[in-house]
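Chemist: Listed in order, the protein sequences are those of chains S and R. Each step along the first sequence adds one to the number in the working numbering, with nothing skipped, and position 497 is 497. Each step along the second sequence adds one to the number in the working numbering, with nothing skipped, and position 10 is 10.
If you're looking for bench data, these hints aren't it; they were derived computationally from the structure. Worth double-checking, as some hints may not be accurate.
Computed Cβ-Cβ distance ranges for the label pairs, DEER-style [said to hold, decoys possible]:
| # | chain 1 | residue 1 | chain 2 | residue 2 | range |
| --- | --- | --- | --- | --- | --- |
| 1 | R | R49 | S | Y128 | 54 to 62 Å |
| 2 | S | E885 | R | A41 | 21 to 29 Å |
| 3 | R | V47 | S | P156 | 20 to 28 Å |
| 4 | S | L275 | R | R74 | 50 to 58 Å |
| 5 | R | P83 | S | R768 | 43 to 51 Å |
| 6 | R | P83 | S | Y128 | 26 to 34 Å |
Sample of chain S residues facing chain R (criterion: CB under 10 Å; computed from the structure) [to be verified]:
| # | residue |
| --- | --- |
| 7 | P254 |
| 8 | E885 |
| 9 | A889 |
| 10 | R898 |
| 11 | P903 |
Glycine residues also receive a C-beta, built at the ideal position from the N, C-alpha and C atoms.
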Amino acid sequence: MRQPFRLATGGRIDRSRPIEVRLDGERLQGFPGDTLASAILARGIRLVGRSFKRHRPRGILTAGPEEPNALLRVERGPGRVDPNARATLVELVPGLSAATQNAWPSLRHDLAGLFDRAAAFLPAGFYYKTFFRPAGAWERLFEPAIRRLAGLGRAPESADPDRYLHRHVHCDLLVVGGGPAGLWAARLAARAGARVILADERPAPGGGLLDTGTAGPRIGGGPASAWLERLLGELDGAGELVRLSRTTVQALHPSGHALLLERVADHLQEPDPRLPRERLWQVRPRAVLLTTGRIERPLLFPDNDRPGILSAGAARAFLWGQAVLVGRDVVVAAFDDSGYAAALELAAAGARVHAIVDPRDTPGPLAAAAEAAGLRLLAGWAPVGSEGGPGLRAVRLAPLDRTGRPDGRGERTVPCDALLVAGGWTPAVQLWAQAGGGLAWDAAAAAFLPSRGPSWLRIAGAAAGARTLAEALAQADRATAELLDGLGIVPPPSDTLPAIEEPVPAPSTPPWALPGTWRRDPKATFVDFQNDVTVADLELAVREGFAAPEHAKRWTTAGMATDQGKTSAPSTLALLAEAAGRPTEALAPTTMRPPWTPVSFGALAGVHRGDLFRPIRTTPLHAWAAARGAVFEDVGHWKRPTAFPRPGESLEAAAAREARAVREGVGLFDASTLGAFDVQGPDAATFLDRIWTIDVAGLPVGRCRYGLVLKDDGTVLDDGVVCRLAPNRFLLSTTTGGAARLYAWLERWAQTEWPNLRVWTTPVAEGRAVIAVQGPKARLLLRRAASGVDLSAKAFPHMAWREGKIGGVPARILRVSFTGEPGFELHLPASRAEEVIDTLLRLGPDLEPTPYGLEAMHLLRLEKGYILVGHETDGTVTPRDLGLERLLAPGKDFLGKRSLDLPEHRRPDRPRLVGLLPLDPTALPAVGGQLVERAEPGAPSLGRVSSAGRSPTLGRTIALGLVRGDRARPGERLTVFAADRPPVEVELGAPCFLDPEGTRLRG
Amino acid sequence: MLVIPCPFCGPREEVEFACGGEAGPPRPADPGALDDAAWTAWLWGRVNRKGPQVETWWHQAGCGRWFLVARDSRDDRVLAAWPIGAPTPTGLGLEEPGP
């Protein structure tokens, strides 16, 4: 297969094992060691995508994670899809299939490319001023169209089949970045005996040294590659060192917590199926050294985004990494000396370097080398435009005067197929800033350099502004010694730093320093490539009043794309400063947040998906219920039966049947999920009296009382039953959903507010099952199984408890009811629950004991008007609102009591619990529906429906609601108004529809 | 994620704990004796200091004990942790408890 831009030799690729992949359906060939980007460039393809907003043709700009343009959809197999993958990071593997994005019908002929012609109508923030009229057009026309056009990639449509794992590690030192500085530091620390983790983003360590060749530094008298190899050899034997490749440090939090994402399997042709695709490392290092390197800046001139314009460093990376020439006819723009190195290396590799333009008066030492090599140097010149179809065909160059403006001497057009831009370097300080390190503008470097940081963190090398390799190694050496000292680890006697032959670079000219280039056509001069933000957009932001960087960022979206401004942030800031007439150092860079590069959801989820997403709690009777055909629902983490439908029976019919069985016969209900707490101690009664609204001290042993727990602001936190087991021992029973919250509440008050009270609370629901036996025939049924207890109404009144045996199993029996029928709760050891319920069923077939679920329970309690915490209460409702003043014991203080006297709780428009009877006995009001006087848009809400159901006992629909007190008159008629439902007219009445005196209950 | 130094268990990851918020003055012994302004001031008022402040924390997934933590609200640095009832450590820059 043709690879016209692949050199015959060189590169860290394995030419003996060609790899074939697909790009937009066409075959593309490469080798192990290639990325998708290098294979594309080798083939001579330059157009790889269309930009986000204006659909401009775009090509590969960089060779690393900062790539803003070459975002492709990569498929590694069925269900394994990554949209917006950076072609510069995707390693070539057989079977890989890539597709360009954001163009239709084809990349070359993209219809939406017309947006570029209409660019004048699409400046930054245009959507804040458009799409308002005509009314209604947004929903029908604009939004659907924008949704189709928006975004770059398409989300995957099937579940991610790959495995992802997490790993938690502590270490002494985390070194981020495996370039020369990081390797030097890691070796030093490992030799000192520190436990070191070295994480590098690339497939192999070496960092910037991998992207240099003949024009790069010579170390210890030999080529850098030899020094690198020796250093790595020493590392692999050194102490406790974990060296991770293909591992990105995504986040470094101020607490020192680091998140590392290791790409384990994507690059493997046939990965071991036991391997996860990615591993997320959560690391707690005691100290961190950042040697994260630097990012090259693009230049600012009209049409600076044309495919064929690449970073000079990227050209070197592709040359030395994959033996790929990014162009045959090259022009180099050297605003920084590294441009000359690129020119020299590409020329030596066979490219024709037609010109090197350098706006600086005093170019560095490499300029002489370039001229000696016969390359033409245009000193004092800069690029001011590009020409071509989608691909670059020529560059316009102009001479500039000292202020960076064209001096009128005349421009030149130089034909070329690649323009290499060396715009200077931005230190990669993102992790430093994330961890709370400070940044200060350095005018000489024209960049934000790290200033003060936390004591456990250091940054060294190019990331700290080092301009030479010697400086980088010295910084790393010093920083590591400081960190080791802070850890109490004695550093070994330092190795002498190697002798390095490298040119000392002259100061670079930042791209924004030449207004002659970026003022020429601001609308066509791109700053943020991925989000299509131009110089004109930044100037517009300042004119509109969004001069502050954080405002301008959000208004223009500069720096908000998936590259997070890696190549654009410094230029953005400098141009904003320029437009606002302020010095750059007066503006602060926008907050840098994790992650460094996009992270898959799978990696974050790890194993917590599917069955392991959250714990499932089942009761001791779960298997029994399942065997009886129960349909389950989730209540928090619990699985609870909704109903026990017979074959062919709907859930609704089953619930109605079960409820009728409880009213007429006897029902069996699993109440094991309810909270249960044993509270004991000499001060138990005192403690509970402060927490509960009811009189606890006066509760006789053997009796139970229903009460409320309020927050100190007077609102209902939970309800439940208090049983006195002994003078100093109580059993609390609370709602399922509120159990954990109530336990936290009890512990909090006991430990923080009243630590002198001698009281101990123990959750006792675990290990215990609760079977509720409810109905007029409940006593009949239990008598057949019970022993050692007198179940008669006289001996065992309502709201009391006794001990006895059911089917020979010891039980505590509470006579409590949530159904309004005489009822008992059997508290049993969990291991005996199935045995007991089977005994009851066996002994009473003539009574037809009916298992019932939550649906039936809701109907039964609704008929009685019993509140359900979380339905009738919502965190703002008080006992008075619910008509439960009788539960507020006089003569003692309890949490919430004082607040009930506040003016707020005495307002006449406080909500009031009422019963609602729909005028149409078959109409079911929606829970959450608003109660209004008349169902019309804008009608003020007078309250809401809190519970509703079809009562089988009454043969009609009923509901409870909370209505403002001054409108809650019995007989009043209101309408329930809910979206997408017909309005339901209701009549207000008492919040109890059955046996308000409670005579059935006490039978 | 913070590391909380539980006085009973040692340093543990923040996920094991629940924060009880700013540690304030004790609950008035006789709320009935307070006027509305004084009561709501105790109930809702918080100093919310920009700097070192004392909070209650609960080792929910560990020993189950509540304890006090001094944390700098500016940069989330946890300065110290001590049991309830133990004397407040000095030298942390903590102000006297509010009214």
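Chemist: Does each hint hold? Answer for all of them.
Modeler: Do the hints match the structure? See the list:
The hinted range of 54 to 62 Å is not satisfied by R49(R) and Y128(S), whose Cβ atoms lie roughly 38 Å apart. The hinted window of 21 to 29 Å between E885(S) and A41(R) holds, with their beta carbons roughly 27 Å apart. Taken as a hint, the range 20 to 28 Å is violated for the pair V47(R) and P156(S), whose Cβ atoms sit roughly 49 Å apart. Here the CB-CB span from L275(S) to R74(R) is close to 43 Å, at odds with the stated 50 to 58 Å.
Remark: the range hint 43 to 51 Å for P83(R) to R768(S) is contradicted by a beta-carbon distance near 32 Å. For the pair P83(R) and Y128(S), the supplied restraint of 26 to 34 Å is violated, since their beta-carbon distance comes to about 55 Å. Taking 10 Å as the C-beta contact cut-off toward chain R, the hint placing P254(S) at the interface holds, the least distance being around 6 Å. For E885(S), the interface hint is violated, since its Cβ never comes within 10 Å of a Cβ in chain R; the closest pair sits about 17 Å apart.
Because the beta carbon of A889(S) sits about 14 Å from the nearest beta carbon in chain R, more than 10 Å, this interface hint is broken. For R898(S), the shortest C-beta to C-beta distance to chain R is roughly 4 Å, which falls under 10 Å, so the interface hint holds. Because the closest C-beta pair between P903(S) and chain R is about 7 Å apart, less than 10 Å, the hint holds.
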